[in-house]
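Chemist: Produce the entire structure from the sequences given, and follow the hints as far as they go.
One-letter residues, chain by chain:
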Amino acid sequence: MNRLCDSMEPKVMDDDMLKLAVGEQGPQEEAGQLAKQEGILFKDVLSLQLDFRNILRIDNLWQFENLRKLQLDNNIIEKIEGLENLTHLVWLDLSFNNIETIEGLDTLVNLEDLSLFNNRISKIDSLDALIKLQVLSLGNNQIDNMMNIVYLRRFKCLRTLSLSGNPISEAEDYKMFICAYLPDLVYLDFRRIDDHTKELAEAKHQYSIDELKHRENLMQVRLQDERARQEELEKHKTAFVEHLNGSFLFDSMYAEDSEGNKLSYLPGVSELLEAYKDKFVIICVNIFEYGLKQQEKRKIELDTFSECVHEAIQENQEQGKCKIAQFEEKHLSSLSAIQEESELPNIEKMILECSADVSELFNELMMLEMQLVEQLEETINMFERNIVDMVGLFIENVQSLMAQCRDLENHHHEKLLEISISTLEKIVKGDLDEDLPDDLRALFVDKDTIVNAVGASHDIHLLKIDNREDELVTRINSWCTRLVDKIHKDEIMRNRKRVKEINQYIDHMQSELDNLEYSDILD
Amino acid sequence: MEVLREKVEEEEEAEREEAAERAEWARTEKMMRPVEVRKEETTLTQEMLRDLEKKLSEIQIPISAELPAFTKDTIDISKLPVSYKTNTPKEEHLLQVADNFSRQYSHLCPDRVPLFLHPLNECEVPKFVSTTLRPTLMPYPELYNWDSCAQFVSDFLTMVPLPDPLKPTVQKEEKVLPKKYTIRPPRDLCSRFEQEQEVKKQQEIRAQEKKQLREEEERLMEAEKAKPDALHGLRVHSWVLVLSGKREVPENFFIDAFTGHSYSTQDERFLGIESLWNHKNYWINMQDCWNCCKDLIFDLGDPVRWEYMLLGTDKSQLSLTEEDDSGINDEDDVENLGKEDEDKSFDMPHSWVEQIEISPEAFETRCPNGKKVIQYKRAKLEKWAPYLNSNGLVSRLTTYEDLECTNILEIKEWYQNREDMLELKHINKTTDLKTDYFKPGHPQALRVHSYKSMQPEMDRVIEFYEMARVDGLIKREETARTMTEYYQGRPDFLSYRHANFRPRVKKLALSSAESNPRPIVKITEQFFRNPAKPAEEDVAERVFLLAEERIQLRYHCRDDHITASKREFLRRTEVDSKGNKIIMTPDMCISFEVEPMEHTKKLLYQYEAMMHLKREEKLSRHQVWESELEVLEILKLREEEEAAHALTISIYDTKRNEKSKEYREAMERVMHEEHLRQVETQLDYLAPFLAQLPPGEKLTRWQAVRLKDECLSDFKQRLINKANLIQARFEKETQELQKKQQWYQENQVTLTPEDEDLYLSYCSQAMFRIRILEQRLNRHKELAPLKYLALEEKLYKDPRLGELQKIFA
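Note that the protein sequences, when read in sequence, are chains A and G.
Under the UniProt record's numbering, the first residue of the first sequence is numbered 1, with each subsequent residue one higher.
Under the UniProt record's numbering, the first residue of the second sequence is numbered 1, with each subsequent residue one higher.
Treat the hints with care, since some could be wrong.
[What the hints assert, rightly or not] The calculated lysine-lysine pairs, modelled on BS3-like cross-linking and capped at a C-alpha distance of 27 angstroms, are:
# : chain 1 : residue 1 : chain 2 : residue 2
1 : G       : Lys614    : A       : Lys36
2 : G       : Lys294    : A       : Lys43
3 : G       : Lys371    : G       : Lys425
4 : A       : Lys69     : G       : Lys602
5 : A       : Lys19     : G       : Lys601
6 : A       : Lys43     : A       : Lys132
7 : A       : Lys235    : A       : Lys323
8 : G       : Lys280    : G       : Lys294
Bear in mind the hints are in silico, worked out from the structure with no lab data behind them.
Modeler: Here you go:
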């Protein structure tokens, strides 16, 4: 298909070419003159047509941020590239090129219409990002595997598909297969699929499709489960008590504790460990539940606060709008009065009055704003105090619960030490009944060794508990600081914006007035 | 001699008669009391129906008992059943009892009014009041509940004042209640709140004015009250009392039969009760009515408060209270003692009146002749039956400024079944403002149309059912120079469009209003917020100043802002120094932007926006003209509708719906013919001949043959007879005609033109008759052999003559 072009020199997509194309395809007639006068920015272009230009490589398109429609058909493009920035693209035509694989489309999430007609594509893939795809044209390619169709099942909006001229379209089952596997399809190879065909196809492939559906469902369910779990964990994390609703902390204490694991084989230790674990887990769950409760409280507090602030701002804005509306009404009538007035001194007087009105409005608006700022400041400070208090209380309580954990650990340590020493004594005396694993027996060399081993285990446990506690405290504190900072910053931003808005408006009014003065004097 | 005193326990009564409800007509100063419902029995449908019956039964009284004079003229006595004209022995007995009771009563209470016990009915026969009540069940659901039932009764009755307002027709009554139609006190014209406000401002002036007003009012009140005062407390009236208990009636209340309104028993306008009755008994009020009816206790079982006339009809009930009764009786009336037992068995005789029948037409017509006029103070209410007026008018309320009802303030007319769905027409005479209200379904989706004149381009407000309109128009207001439209639910979010016009330029060329629209000066359009667009691109208001070629835009305000962007386009086409047209210059678009953006500064953007607005302006202008045309169309349509005032007829209304009536009649005719045919085919030719033979036996062949021959010969004879008959008539006619002709020829000279005309018409008629007879004769001659053969055939096939067939077979 590109034989004609083959003989010609490939062209480069440079600025000149783009400018030319934009100029040619831009506004015409009067608007065109204006456009020429001003120049057209690439980012304002919505549609671009670059066909029959012998382009080999897509390039230089990054400026066309808002492009909706791009036609690059009838070139000699070999690779889809350089389109990453065109995220608003809805229609992309790459037909009659030399493309071999589908790629580089991952950012074009808005794409609805994609034409790759007459290329050299042999496999349909890399289209996952195109969730809005409605029309896909892949005719005259080299797709030879029916299973490519199954890939298209994920595009829920796909209504039109063309695959004629591919090796698979030769297959006798081609149409039936596609109708069965893509039941939402309306047009295939530019023809409407009639209901009868659909029914036939469905009946024919029912068994395999059912199986496929079953698998898809299973996958879906698994995905959902995974997502639900993630969400749950996320929720716990925002409460800073993740993994405390079970034996996770306890298990992690023993995970890196080789001595502790060995020691658990001592007679009587496993029962001890069991009891220890139970108690430990109960405390953990306590912390967990307390954390969730506190999180809920904090959330309510925050919601109430945001709601109140929002209401206050809304009310203030209403007042402001009302003031402006009143002013505008008055201003309009005085402006028309000025225009009707012919006496120069009178005009000047009226203009003075007007500008007094404008500054009056400015004062009023600024006063409103200042008032709001003060009110909000007070509220924000109150909220800050409360939230800090809540966080402090939470930390305190968690710390006391953690202390209980530590007590348990200490207790356990003492017991373990006792058992170890008595076991050591027994071994020394040689009247130990049970068999001990070899590595455990190796610990019972002398008293120091065994005490050290037990001590090491104890240290590891305490470290884990401390770490968990530290993590919780740090995270909640930083959350709190960030939250308060953000609120302050938002408020400052809001204030700046409002002041800027007021100033801008007043300036506009003032300059309008000045212009009037100026033009009047000219007259 | 006997006064029957009975204590009636309502509950027992109810159980026994289960008549469930008693309609009691209280009459004393006359009162009618309707039915009472007592006891909280589970409401059975039957009982309910009875309740209904009772209520309906009330209807009769005014006609038969109270207003004999009135009914006499309108009712044909001869057609009434015997029970109306005579008294049964039992009724006679009852009348004697009543007389006796009455005599004792007047003896014991000489200063009270004689009882209203047995007025003459329309046939001048005395009838006891209770027997005029006959519980009847009516097929109309509206009559099932007291309020709609009372409304119907009040509509159905015509009020005729008593000849003597102090007495019911026959008997004298002392106390009188004020009439229902007493004028109510005039309205307090000044609002208290306003007064207070004003008093604060200008106390003295107000005080004076108030005084004046009050004096005025007093004068008015006095003027109005003067009349009723004279007879206050002396007038008689009958009304209905509903006792609590049954059918979820929570407390006793009165219903006035003339208005259909209910009143509390505490109402001051009911001054007292002399007696009350239902279809079972009659009670006299022994309580003092000094405080109107407020202190009355309606426990009819209490013989001290309510003197009954008949011993209760419930035996079981009586047994409970008998001892009390006899005790009391012993003390009070020794005379009665002996007779008591006897009397107890005396039941109220069955009602002598016929069951009320209200035809659906009468029910629908409601008022006598379908029309009723009620005069209120400063107002007149007229009611008509549906379909009575050809324009669908069903009621009209006229309010007046003055008591004499000469200056009309406003008129409200209600319509029904109008094809144009007109429901209410309100004419305010002071402002001359007419307002038409429509039900959903008008072809132009009209809801309200208020106007002063049907001429276009005048003040008017048209409201629409916006759901029925494609363009979502709610309201269109017009004045001579403006037109304002309000919209809702449009895809382009337009909410308001206001157009100012300039007076029409007078053109010399003849042109009608349609082709010469008024020039538009200004169009203002407002839009709702379109959530799909950012606020700074969503136009809130655009003003097309057509005369100045200026377009003003105001955008919506962003949620967190207090100012909104504005933009103004001046569309002057100017030419620069070189003679080139200036397409767009920066000063053609003045804009204020809350958040200045780069692309909006571009001339191209502004140019495109302006071009777009130009197109929009054209469209808007077009829309305004379309609206004007639509108004013209609506006005035209309204005029046509007013002129035609067609009424709709429900397809279920078989009486009025011509089509369905025709269809039904056609069906009936077909049915009838079918029936006739069947009868004919079932005619048994053989029956008279078979009757001669002993029944049940099988015919022998000989008998069969004879039978057949007889039958055939008989038939033949009949055919001949018929032919002869026709022949005879034919000959007679011919002879007469000949005679007449002869007579005519003889007297031709002396005949007057009238006689001649007479003769000629006779001749033509006679000729016609002769011709017909001739035709019939010929036809008979033709058909007779065929009929004969047909019968023969039939006889052969008749199974009873099977013997015959055998032979021939």
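Chemist: Hint by hint, say whether it matches the structure.
Modeler: Results for each hint:
| no. | hint | in the structure |
| --- | --- | --- |
| 1 | G:Lys614 <-> A:Lys36 | holds (23 angstroms) |
| 2 | G:Lys294 <-> A:Lys43 | violated (90 angstroms) |
| 3 | G:Lys371 <-> G:Lys425 | holds (19 angstroms) |
| 4 | A:Lys69 <-> G:Lys602 | holds (22 angstroms) |
| 5 | A:Lys19 <-> G:Lys601 | holds (21 angstroms) |
| 6 | A:Lys43 <-> A:Lys132 | holds (23 angstroms) |
| 7 | A:Lys235 <-> A:Lys323 | violated (45 angstroms) |
| 8 | G:Lys280 <-> G:Lys294 | holds (26 angstroms) |
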